[in-house]
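J.: Use the sequences and the hints to build the structure in full.
Order-wise, the sequence lines are chains C and Z. So the number in my numbering is just where the residue sits in the first sequence, counting from 1, plus 21. So the number in my numbering is just where the residue sits in the second sequence, counting from 1, plus 7.
Don't take every hint at face value.
List time: in silico DSS-like cross-link candidates among lysine-lysine, alpha-carbon distance up to 25 angstroms [said to hold, decoys possible]:
hint, chain 1, residue 1, chain 2, residue 2
1, C, K95, C, K109
2, C, K602, C, K617
3, Z, K66, Z, K94
4, C, K109, C, K478
5, Z, K66, Z, K106
6, Z, K20, C, K356
7, C, K135, C, K411
8, C, K178, C, K332
9, Z, K66, C, K356
10, C, K611, C, K558
11, C, K611, C, K569
12, C, K487, C, K500
13, Z, K9, C, K252
14, C, K618, C, K411
15, C, K166, Z, K9
16, C, K104, Z, K96
17, C, K356, Z, K15
18, C, K104, Z, K101
19, C, K550, C, K602
20, C, K478, C, K318
21, C, K588, C, K611
22, C, K618, C, K583
23, C, K617, C, K583
24, C, K49, C, K135
25, C, K166, Z, K15
26, Z, K20, C, K166
27, C, K588, C, K569
28, C, K125, Z, K94
29, C, K297, C, K266
30, C, K104, Z, K106
31, C, K617, C, K500
32, Z, K15, Z, K66
33, C, K558, C, K618
34, Z, K96, C, K125
35, Z, K106, Z, K96
36, C, K252, C, K200
No lab work stands behind these hints, which were simulated from the structure alone.
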Amino acid sequence: MFRSHVMVCGGTGCSSSGSHKLIENFEKEIQAAGLETEVKVVQTGCFGLCELGPIVIIYPEATFYSRVQEGDVKRIVSEHLLKGRPVKELLYDETVAAGLDTIKSLDETTFYKKQVRIALKNCGVINPELIDEYIAYDGYEALGKVLTEMTPEDVIKVILDSGLRGRGGAGFPTGLKWKFAAANAADQKYVCCNADEGDPGAFMDRSVLEGDPHVVLEAMAIAGYAIGASKGYIYVRAEYPIAVKRLEIAIGQAREYGLLGENIFETGFNFDVEIKLGAGAFVCGEETALMTSIEGKRGEPRPRPPFPALKGLWAKPTILNNVETYANIPQIILKGAEWFASMGTEKSKGTKVFALGGKIKNTGLVEIPMGTTLRTIIEEIGGGIPNGKKFKAAQTGGPSGGCIPAEHLDVPIDYDNLTAIGSMMGSGGLIVMDEDNCMVDIAKFFLEFTVEESCGKCSPCRIGTKRLYEMLEKITSGKGTLEDLDKMEELCYHIKANSLCGLGQTAPNPILSTLRYFREEYIAHVVDKTCPAGVCKDLMRYTIDPDKCRGCTACARVCPVKAITGKVKEAHIIDQSKCIKCGACMSTCKFDAISKK
Amino acid sequence: MKSLAELKAIRDKMQSQVSVRTEADENTIRVVVGMATCGIAAGARPVLQELSDLVQEEKLQNVKVTQTGCIGICQYEPIVEVFEPGKEKVTYIKMTAEKADRVFAQHLREGKVVTEYTIGAATTMK
Chain C
22 MFRSHVMVCG
32 GTGCSSSGSH
42 KLIENFEKEI
52 QAAGLETEVK
62 VVQTGCFGLC
72 ELGPIVIIYP
82 EATFYSRVQE
92 GDVKRIVSEH
102 LLKGRPVKEL
112 LYDETVAAGL
122 DTIKSLDETT
132 FYKKQVRIAL
142 KNCGVINPEL
152 IDEYIAYDGY
162 EALGKVLTEM
172 TPEDVIKVIL
182 DSGLRGRGGA
192 GFPTGLKWKF
202 AAANAADQKY
212 VCCNADEGDP
222 GAFMDRSVLE
232 GDPHVVLEAM
242 AIAGYAIGAS
252 KGYIYVRAEY
262 PIAVKRLEIA
272 IGQAREYGLL
282 GENIFETGFN
292 FDVEIKLGAG
302 AFVCGEETAL
312 MTSIEGKRGE
322 PRPRPPFPAL
332 KGLWAKPTIL
342 NNVETYANIP
352 QIILKGAEWF
362 ASMGTEKSKG
372 TKVFALGGKI
382 KNTGLVEIPM
392 GTTLRTIIEE
402 IGGGIPNGKK
412 FKAAQTGGPS
422 GGCIPAEHLD
432 VPIDYDNLTA
442 IGSMMGSGGL
452 IVMDEDNCMV
462 DIAKFFLEFT
472 VEESCGKCSP
482 CRIGTKRLYE
492 MLEKITSGKG
502 TLEDLDKMEE
512 LCYHIKANSL
522 CGLGQTAPNP
532 ILSTLRYFRE
542 EYIAHVVDKT
552 CPAGVCKDLM
562 RYTIDPDKCR
572 GCTACARVCP
582 VKAITGKVKE
592 AHIIDQSKCI
602 KCGACMSTCK
612 FDAISKK
Chain Z
8 MKSLAELKAI
18 RDKMQSQVSV
28 RTEADENTIR
38 VVVGMATCGI
48 AAGARPVLQE
58 LSDLVQEEKL
68 QNVKVTQTGC
78 IGICQYEPIV
88 EVFEPGKEKV
98 TYIKMTAEKA
108 DRVFAQHLRE
118 GKVVTEYTIG
128 AATTMK
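T.: Here it is, written out as structure tokens:
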């Protein structure tokens, strides 16, 4: 037995800031201190507070070390692990704040306190590469219960009653999907997992796969039993190497234990899972395109109906659920539909994981009960906006979603409320924007993404998104007219109504929602030819205040295009036709004489 | 693995090994071992290890065994303090792994303080 466990985050975020080296160092130093029989080092998945990585948590005290560097390891071992004195200056600020008589533990911090972890339950708690640790936290118990005590109809009823809706974005009731697939008789059916996470800024599925891969395998086997399928596919993007590696390890261990394969728990139930790597095309996150890609063809969507529950993979009845959806299933089976349905709002039950990013202090992953307000997520859990800036909008749903302005900060977040205010849940990316963000530029960013990712099969999406992007470019370069705004809006509705798949049907949303809430910013670009946030370069002017300029010539010397002229000790002038708006003069001026408008 | 019983066997074995990873709550009994230089020199490490092992092996989920620095009465090291919610702190002194076994069995499991090992007993004897 080990009296202390040192948990080191091995998620993508912390790995890129050097957590693997930390693990090696901890093992070396623990050995050197002769503590190897008393203290164990555990590599875990993501803890969520990626901003402060690499993160190290030490149990039994649950002390929270943040931004740990290689050189800190020796001190932590000799002070904390040997002599019981936590190294306070390396701990997360909030846990050792002035006025506290004891060190706050992990769960007591504002970041974690309001979170409810269901899908992320094991992330940061277990070593994802050891099946035994998953089993220690009730792993595969739900599968055992389903196979030995429940009929497939019972399973579907529990999922239906729980009110679980698809976490990939659209929010279709999961139980209903399973019910349809179960009702269609066939010699072979399939269970698929959508791990083709493509929204810019979203990384919840990656974190679940990296931190708790077995939960997905267990849930897929449960789904297989419920609909009568013996084969599963996980479609995961090749850009997630750690997730893929851990899934491969997990599948190998589950097969070895007989938890995947034939005659599971001696019940005659067979189920196995295969990984399919995606090449990173955004459209492959759309269900019909994903299945076409698994079949080995070019990843393009096809019209529905027929829906996958009737004709999916290889024209057989298929269900496709998102990683986070699956991560909820085993606990719903074990704790019951009522337990799950007791959380959340009337039509959105349970919790949702959000990837917080943008202008926010605590960048990372949070899981909150449905119905929590955006204000709680941003101001409390997220720690607010850095540098005292003012909140402007939050973008949810990625390229399919929209921007939520400050007036809606107190709306309880659920599927229906987000749709009502012109955004959508999406997979859970949440990008916070402050007064320095230009909303037209944000819309342009997402449109550039969809233009690039449109598969090209249908013309409304292929040509329409490109035209929208061109209109936005015209507006941000100061050449737009009010008529363009009307035309753009009209085109948005055409694309929404006529596109073949979800990608095109939702691609105009970033424009429509910013037009709805920030129309005055568009008008400023079009009529006043200014960008209020000072982002759109073509609309910016750098000018020198002749009263403040001392004629030191520093700006003229630093200007890469020689746009600044003037004599020594006399006020200088910027030639607007030459200026490339690089800002070098402004950061060089010692007299605060140059301004940007 | 073929049966549910085997799964349960793995779970039971593993649960005790990961139990240190749960956080304390208001009902947790905290057992704190002084592990400063004085404590370690007097033999605190085997005491800490013994208590930690026993609590994990016997699955006493309401007990947390942690360490601390110097408690301030170095002549009585190794020292073990037991904090039970709503009760007075109990300080055991001059502990050994064997004494720790008894503290575990009587105090932590059955709730009966081992009076003869406490600092109170030592000072009244003098």
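J.: For a C-alpha distance cap of 25 angstroms, please report whether K618(C) and K583(C) respect it.
T.: holds, 20 angstroms
J.: What's the verdict on K20(Z) and K166(C), does the C-alpha distance respect the 25 angstroms limit or exceed it?
T.: Holds. K20(Z) to K166(C) sits at ~20 angstroms (cutoff 25 angstroms).
J.: Quick one, are K588(C) and K569(C) close enough, alpha carbons at most 25 angstroms?
T.: holds, 15 angstroms
J.: Given the hint that K618(C) pairs with K411(C), does the C-alpha gap stay at or below 25 angstroms?
T.: With Cα atoms ~19 angstroms apart, K618(C) and K411(C) stay inside 25 angstroms; holds.
J.: Within 25 angstroms, alpha carbon to alpha carbon, are K478(C) and K318(C)?
T.: The given pair, whose Cα atoms are some 14 angstroms apart, holds under the 25 angstroms limit.
J.: For a C-alpha distance cap of 25 angstroms, please report whether K588(C) and K611(C) respect it.
T.: Roughly 17 angstroms separates the two Cα atoms, so the pair holds.
J.: Can the restraint linking K125(C) and K94(Z) be considered satisfied, given a maximum Cα separation of 25 angstroms?
T.: holds, 22 angstroms
J.: Is the Cα-Cα distance between K617(C) and K583(C) 25 angstroms or less?
T.: holds, 18 angstroms
J.: Quickly compare the C-alpha distance for K297(C) and K266(C) to 25 angstroms and report which way the hint goes.
T.: holds, 13 angstroms
J.: With a cut-off of 25 angstroms on the C-alpha distance, tell me whether K95(C) and K109(C) pass.
T.: Roughly 14 angstroms between the alpha carbons, so the hint for K95(C) and K109(C) holds.
J.: Take a quick look at whether K178(C) and K332(C) sit within 25 angstroms of each other, Cα to Cα.
T.: Holds, because 23 angstroms separates the two Cα atoms, which is no more than 25 angstroms.
J.: Check the hint pairing K356(C) with K15(Z) against an upper bound of 25 angstroms on the C-alpha distance.
T.: holds, 18 angstroms
Of the numbered hints given earlier, the model fails hints 4, 24; all others are met.
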